[in-house]
Structure formats: structure tokens, C-alpha cells
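Novice: For this one, chain B is given, so just place chain C on it according to the hints.
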Amino acid sequence: MMKQRLGANIRALATGLALVAGVGPALAQQTDAEKEIEKYRAMINDPMANPGYLSVDRGEVLWTQKRGAKNVGLETCDLGEGPGKIEGAFAKLPRYFKDADRVMDLEQRLLHCMKTIQELDTADVVRRRFGGPNYTSDMQDLVAYIANKSNGMKYQPQLSHPKEQEMLAAGEALFNRRAGVMDFSCNTCHGESGKRIRLQGLPDFAKPGKDARETMGSWPTYRVSQSQTRTMQHRLWDCYRQMRHPVPEYGSDGITALTVYMVKMAEGGEITVPSIKR
Amino acid sequence: MKAFALTVVLIGAATGAAAQSPQPLDAAKLEPYVKSMWSKAGPEWASVLTLDETNSICSSTRNAPSPAEYDKIVAREKATIVFPADGNVIGDWKKGEIVAQRGTGGQFTDTPETYRGGNCYACHELAAKEVSYGTLGPSLKGYGKARNFSKDEARAAYAKIYNAQSVMACSQMPRFGHNKFLSEAQIKDAVAYLFDPESPVNK
Numbered sequence: 001m002m003k004q005r006l007g008a009n010i011r012a013l014a015t016g017l018a019l020v021a022g023v024g025p026a027l028a029q030q031t032d033a034e035k036e037i038e039k040y041r042a043m044i045n046d047p048m049a050n051p052g053y054l055s056v057d058r059g060e061v062l063w064t065q066k067r068g069a070k071n072v073g074l075e076t077c078d079l080g081e082g083p084g085k086i087e088g089a090f091a092k093l094p095r096y097f098k099d100a101d102r103v104m105d106l107e108q109r110l111l112h113c114m115k116t117i118q119e120l121d122t123a124d125v126v127r128r129r130f131g132g133p134n135y136t137s138d139m140q141d142l143v144a145y146i147a148n149k150s151n152g153m154k155y156q157p158q159l160s161h162p163k164e165q166e167m168l169a170a171g172e173a174l175f176n177r178r179a180g181v182m183d184f185s186c187n188t189c190h191g192e193s194g195k196r197i198r199l200q201g202l203p204d205f206a207k208p209g210k211d212a213r214e215t216m217g218s219w220p221t222y223r224v225s226q227s228q229t230r231t232m233q234h235r236l237w238d239c240y241r242q243m244r245h246p247v248p249e250y251g252s253d254g255i256t257a258l259t260v261y262m263v264k265m266a267e268g269g270e271i272t273v274p275s276i277k278r
Numbered sequence: 001m002k003a004f005a006l007t008v009v010l011i012g013a014a015t016g017a018a019a020q021s022p023q024p025l026d027a028a029k030l031e032p033y034v035k036s037m038w039s040k041a042g043p044e045w046a047s048v049l050t051l052d053e054t055n056s057i058c059s060s061t062r063n064a065p066s067p068a069e070y071d072k073i074v075a076r077e078k079a080t081i082v083f084p085a086d087g088n089v090i091g092d093w094k095k096g097e098i099v100a101q102r103g104t105g106g107q108f109t110d111t112p113e114t115y116r117g118g119n120c121y122a123c124h125e126l127a128a129k130e131v132s133y134g135t136l137g138p139s140l141k142g143y144g145k146a147r148n149f150s151k152d153e154a155r156a157a158y159a160k161i162y163n164a165q166s167v168m169a170c171s172q173m174p175r176f177g178h179n180k181f182l183s184e185a186q187i188k189d190a191v192a193y194l195f196d197p198e199s200p201v202n203k
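Sequences listed follow chains B and C, in order.
Read left to right, the first sequence gives residues 1 to 278 (this note's numbering).
Read left to right, the second sequence gives residues 1 to 203 (this note's numbering).
In isolation and in its complexed conformation, chain C is listed as follows:
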């Protein structure tokens, strides 16, 4: 009787899930669809056609990796971080503001010379004076001040911007340093925007 009830519950759950979203498609079966869209793309787009291990897991698990996968991703991504040779992670906050404001670069309508911005404001609130900010990421208003301008916290912020998934597996935030979208100098400037006491983020 108990087993029967359990079966009914399981069937009910399975049907409910199927009604919500379709059966996940096997990665191999998805390949022809990916190729149909981008087979003509040049070698500079390789990371779109072939997923790395991390994107592959985050995609197939819908950003909900198993605990074991989670730990593996964090360990792997952590190993990619390259800190500045002299250990100084804080650059120029004024240049950091440009990194935070601009969202150009890397689009198929851009050229290789187009300035690459971090576009932080697309997703985060930063300086109180900038009211045009997105809400996909948490607010970073007063970020450095709230952390007493700690050097360790600034280093942690550098690591997070360099590779967000070294902190949180399948984080939605781009791996700016690892994917070589932002330069070391730009990441330092972005950290300064968060940690310089003179930065509007801390005003």
C-alpha cells in the first residue's frame, strides 16, 4: 500500500515536472542546433561553439551543479587566477569608473580595437550618484567602506572579478580575467573603484 502510494506520488511529480519544462536534451543532440547557428563563425568565436568544462556543467545543470561538481568548479577556477606580480591589486579608481560604465567591446558589431568595458553598472548598483544601474547582481554601493578598506578584501575582490566562479560555482558573472576580456590593469582599476576611499562608490 505504501509502495503504491509512493509510486503514485513519483508519477505525479514526474508529470508535473514534464509540464513545467521539457525533458532535458542530451548535449550531443544539441550539437546540430549549435552548428546550424554558428558553423560559419571564425576561430575567434571558438568558446561559443565548444564549451569548456565549467560552462558545460553549468549549462547542463541549469546553474545548479551537484555539491561535488560545485567544489570541482571552484577548485579549477581558483587555479586560473593570476594576481599582479607585485601583489598590488588597487589601481586608479577614475579609470575604474570607465571600466564600470562602459559596455562596449567583443560584440560582432565591434572591431578588435573597440574599448572593452566591464559594464558593471548593467547589473550592479555602485556609486550613489549613478541612478541608471541594473539589478541582476547585488548592490555594491559603499563596498570598500563596508569592508574597512581591508587589503585582504581588496585581494578577494580582484579574485572575484578575475574569475567569479572561483568564489561561487556557476555564478552568472563573467570570468573577466580568465576569459581575457579585461586586462590586469583594468581589473586593478575596477578594484580601486570599489576600494579607494575617494571613489564615489564609497561616498
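Extracted from the complex, chain B is given alone in its bound form:
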């Protein structure tokens, strides 16, 4: 029953999505388009219309599921706001964690909790870091669940600790680091506003602003073209693929540094996730 309704709603979404994501801003003036966008916004927040909520629901189950050598759930995991406190945690990540003496993003922190609290062998979890047609991804689901618990809140970059400040500087440097057979950096495509690849608009991440706030505020997102809830980690994986760089290591400090930088550019951006994109 839910599946049927989901299917119908996804089809209805197609028009709205084409208008929201596929067409250049110059065409977005029609009142019809505005109506579709309103409809789209309502659907994002409707768990019965947004398949991303299937990930949120699975993530909620995974949070308390007893696993690992210790056979316990993740309820005592501290995401920065205190053990087990999920509300608002995503809006303040990545951040410095005293117990690990490191800056961690949500993925790194979850893997840390799985290892230390559950004593779970995370090899399989990391292998399924991005969901595929025949399997779900625990990480995708947990990130969707936890990020969703910051809905309506604004990104608050945590930069009081020197290690957080170094991460920001490293992220900014990585954003501008040109390398590989194409000499590309993130800045090549995301260094100015109003640019596009083919017809696809490109968010500007070279400076703080609307582009960065709206982008970061809408990931994780349900990608209709991939039938998957995707996290920003997956988006970065895909960016590096197109940049002709090798696969970036999942849960690496480089990715966390980039995330610190992007969250800083998105400071004050409201979180509404999972969203739906084409």
C-alpha cells in the first residue's frame, strides 16, 4: 500500500523535479513552476511521499540494533551533543571530539562508535558505504536518520578548537588543489556562481552564501535517477570521479576537511533532509 502510494507520488514529482533541478534559473519565473516547487517542498517533508524516509526509518532501527562483539546498540554514542543525543548533532558536525582527540565528521564518528561501543567489524559496513540495487547501506541510512534530526536547524560550524581550524584550512586548500590529467580542482566547477556544465547549474562553494547553504541544507537527498538516498560523501565520490581523481578513501580526514570547509561556506543554512533531487 505504502509502496503504491510512493510510486504514484514519485511520478507526480517528476514534473516538479524537472522544474526545480533540471532547468536553468532563467526559466523559473512561471507561476506554474512556482506552484510545482511548492508542491515539491510539501512532498519533501511528507514521509509517505519522499522515499528518502525509508532510509530514515531503517537508520532509526539500526541506531538501537544490538550488534558487534558487545551485542549493544549505538544509544550511548556521543555525536557531540552528549551520549545518545541525536537532535541537532548533524548541524554542528564535523567537530572536535576529546575522546578521540580528532575532528570527525558524522561518518567517522559513527564508525568510531561501532568499533569502540559495539566492537563491530566495520569492513562490511564500509563495503556497503553507498547503497546499490541489491543491498542497503547502513551508513547511508544512519546518516539520513541522524541528519533528519537536525531538520529546521541551521548549520553551526564548530571552529573553536585549533584542530577544527586546521581542518578548515586543509579543506580550503583541498578545494583549490589542482591535480590529475585534467588539472581540475573543486574550484574549477564550483568557483563562481551562475555557471553550468552542459545545462546543469553548479553551486558556488568558493564563498559563503546561498548556493552553499541550499546545497548543504538539502543533503542527504533521495536521488530519483539512482533510486537511492545519497549522502554528501557519495556526491564527493562522484565529483572526484569526474575530476579524474582516484576513489577517495571513505571516512578519511581529507573528506572531513572538505566537509568542514563546505559547512563553513554553508553557515546558517537551514537543514531540510532528506530532500529529493533528480
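One or more of the hints may lead you astray.
[To be verified] Partial selection, computed: residues in chain B whose CB lies under 10 Å from chain C:
#1 THR31
#2 MET48
#3 GLU172
#4 LEU174
#5 ASN176
#6 GLY180
#7 MET182
#8 ARG196
#9 MET243
#10 ARG244
#11 GLY254
#12 THR256
[Stated by the list, open to error] Computed Cβ-Cβ distance ranges for the label pairs, DEER-style:
#13 PRO112(C) <-> ASP238(B): 16 to 26 Å
#14 LYS98(B) <-> PRO32(C): 18 to 28 Å
#15 GLN107(C) <-> LYS207(B): 24 to 34 Å
#16 ALA42(B) <-> ARG102(C): 52 to 62 Å
#17 LYS66(B) <-> ASP26(C): 41 to 51 Å
#18 THR76(B) <-> GLU31(C): 32 to 42 Å
#19 ALA68(C) <-> LYS115(B): 14 to 24 Å
If you are wondering where the hints come from, they were derived from the structure by calculation, not from laboratory data.
For clarity, every value in this text was computed on a predicted model and none was experimentally measured.
The beta carbon of each residue, even a glycine, is placed where N, CA and C say it ideally should be.
Specialist: Okay, now just chain C, sitting in the frame of chain B:
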């Protein structure tokens, strides 16, 4: 008094800059972050792990090299260009259109056999009939016609595609020939796409 005012201005400027972007990180301090992402990558990815002199300067100066660095880059990159032995830089425009349209090759999901395209349309407008073009680079519509199909201009275009930084230091455009992403024949075909009077770029 004047000195005091100047100090205030300088402090003000420095704080303003810090608020805009973080303090640039020393290249050596960045290394562990680079390694954290790609230390397991094979030798075919060497140019990602270790930057050449030009990428190193363009990265650290955020594509704004000093005038002296600029001239050094242009001179160095110019010296890398290998023109076709017979001097003919114009190939087949129909094959050039394929080079311009296709954006495959060199990605970690590709194989070494995957066709390598120049993906010109990702960033440039070319033929008027192709409406799906990007805007990261300038429009090249009517490129050859606007230059009277000049042989010297065609040779300059070959040089630009072979190594864009031989013309403009820290240009965002890939150094297609220098980095051995496109073959000599493909670059000639791309030049033909720009310079053949029959090419849709000039229609």
C-alpha cells in the same frame, strides 16, 4: 598619527580577510590529508598525489600567480608543445565533433580502453545547433569563421588545446596534449571542428 591610522587599516584588512577565508595552509601540512584520501591509489594516479610545478603554483596562489610566476609558467608550458611533424594541424571535423561531445575516459569507473573525449561542450558553446553547452569557458561559436580560417590562428588553437597554460598561466582548461589525455590526431580533429568551413561551429 598617520602611522597609527595605517596600522588600524592594516589590522582591519587582515581581520576582514580572515573572516572571508581561512589562513592558507602550508603545502607540507596538507600532505597527510592528501595521503588520507589517496595513499592506496595505484601508480597511474601519480599526478594526483604529487603535483607538478605548475599545478603546485596555481593551487597555492589560487590561480593568481605573481607576474614573475605567470611568465615562468607560460614559458615552461610553451616548451612542452609538440606540433604534428608535417605542420598540418587540421584533421577531420566530423571526428572533432565526437571529441567535443564525449566526456568519457580517465574516470575510476572507466577502463583503460574507454574512449577519451575532450568534453568541450561541458564548458563551451560551439555549434549553434547544440543547445546543451556549459558556460565555464568562453563561447567558441563561429570560432574559425571569425578568424577568417587563418592557418596561424589554427596553429594557435592547436597549441591552446595541447597546453592551455602556454597561453594563459593557471587557465582552468585542461592541458590535453601535455597530460596525454588526447592524442595528436584527436587534437587535430578538434582544431578542424573549430576551423573547417564545413564544421557546424562555423555555420
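Novice: Now tell me if each hint is right for this structure.
Specialist: The hints, checked one at a time:
With 10 Å as the threshold, the beta carbon of THR31(B) stays out of range of chain C, its nearest partner Cβ sitting at about 25 Å, so the hint is violated. A least Cβ separation of about 34 Å between MET48(B) and chain C goes past the 10 Å threshold, and the interface hint is therefore violated. Proximity of GLU172(B) to chain C holds as hinted, the smallest CB-CB distance being about 5 Å (cut-off 10 Å). Interface restraint check: LEU174(B) against chain C, minimum CB-CB distance 6 Å, threshold 10 Å, status holds.
The beta carbon of ASN176(B) comes within 5 Å of a beta carbon in chain C, closer than 10 Å, and the hint placing it at the interface holds. Interface restraint check: GLY180(B) against chain C, minimum CB-CB distance 5 Å, threshold 10 Å, status holds. At about 4 Å, the closest approach between the beta carbon of MET182(B) and any beta carbon in chain C falls short of 10 Å, and the interface hint on this residue holds. Checking ARG196(B) against chain C by beta carbon gives a least distance of about 5 Å; that is within 10 Å, so the hint holds.
Of the supplied interface hints, the one on MET243(B) holds, with its beta-carbon coming within about 9 Å of a beta-carbon of chain C, less than 10 Å. Contact between ARG244(B) and chain C, as hinted, is supported at the beta carbon level, the nearest pair being about 4 Å apart and thus within 10 Å. Of the supplied interface hints, the one on GLY254(B) holds, with its beta-carbon coming within about 4 Å of a beta-carbon of chain C, less than 10 Å. The beta carbon of THR256(B) is positioned within 10 Å of a beta carbon in chain C (closest approach about 9 Å), and the interface hint is therefore held.
Between PRO112(C) and ASP238(B) the beta carbon distance is about 21 Å. The supplied range of 16 to 26 Å therefore holds. Between LYS98(B) and PRO32(C), the C-beta spacing of about 21 Å keeps the proposed range 18 to 28 Å intact. Remark: the range hint 24 to 34 Å for GLN107(C) to LYS207(B) is upheld by a beta-carbon distance near 28 Å. For the pair ALA42(B) and ARG102(C), the beta carbons lie near 40 Å from each other, so the given range of 52 to 62 Å is not met.
Look at LYS66(B) against ASP26(C): about 46 Å separates their beta carbons, and that is inside 41 to 51 Å. Separated by about 36 Å at the C-beta atoms, THR76(B) and GLU31(C) satisfy the suggested range of 32 to 42 Å. For the hinted restraint 14 to 24 Å between ALA68(C) and LYS115(B), the CB-CB distance of approximately 51 Å leaves it violated.
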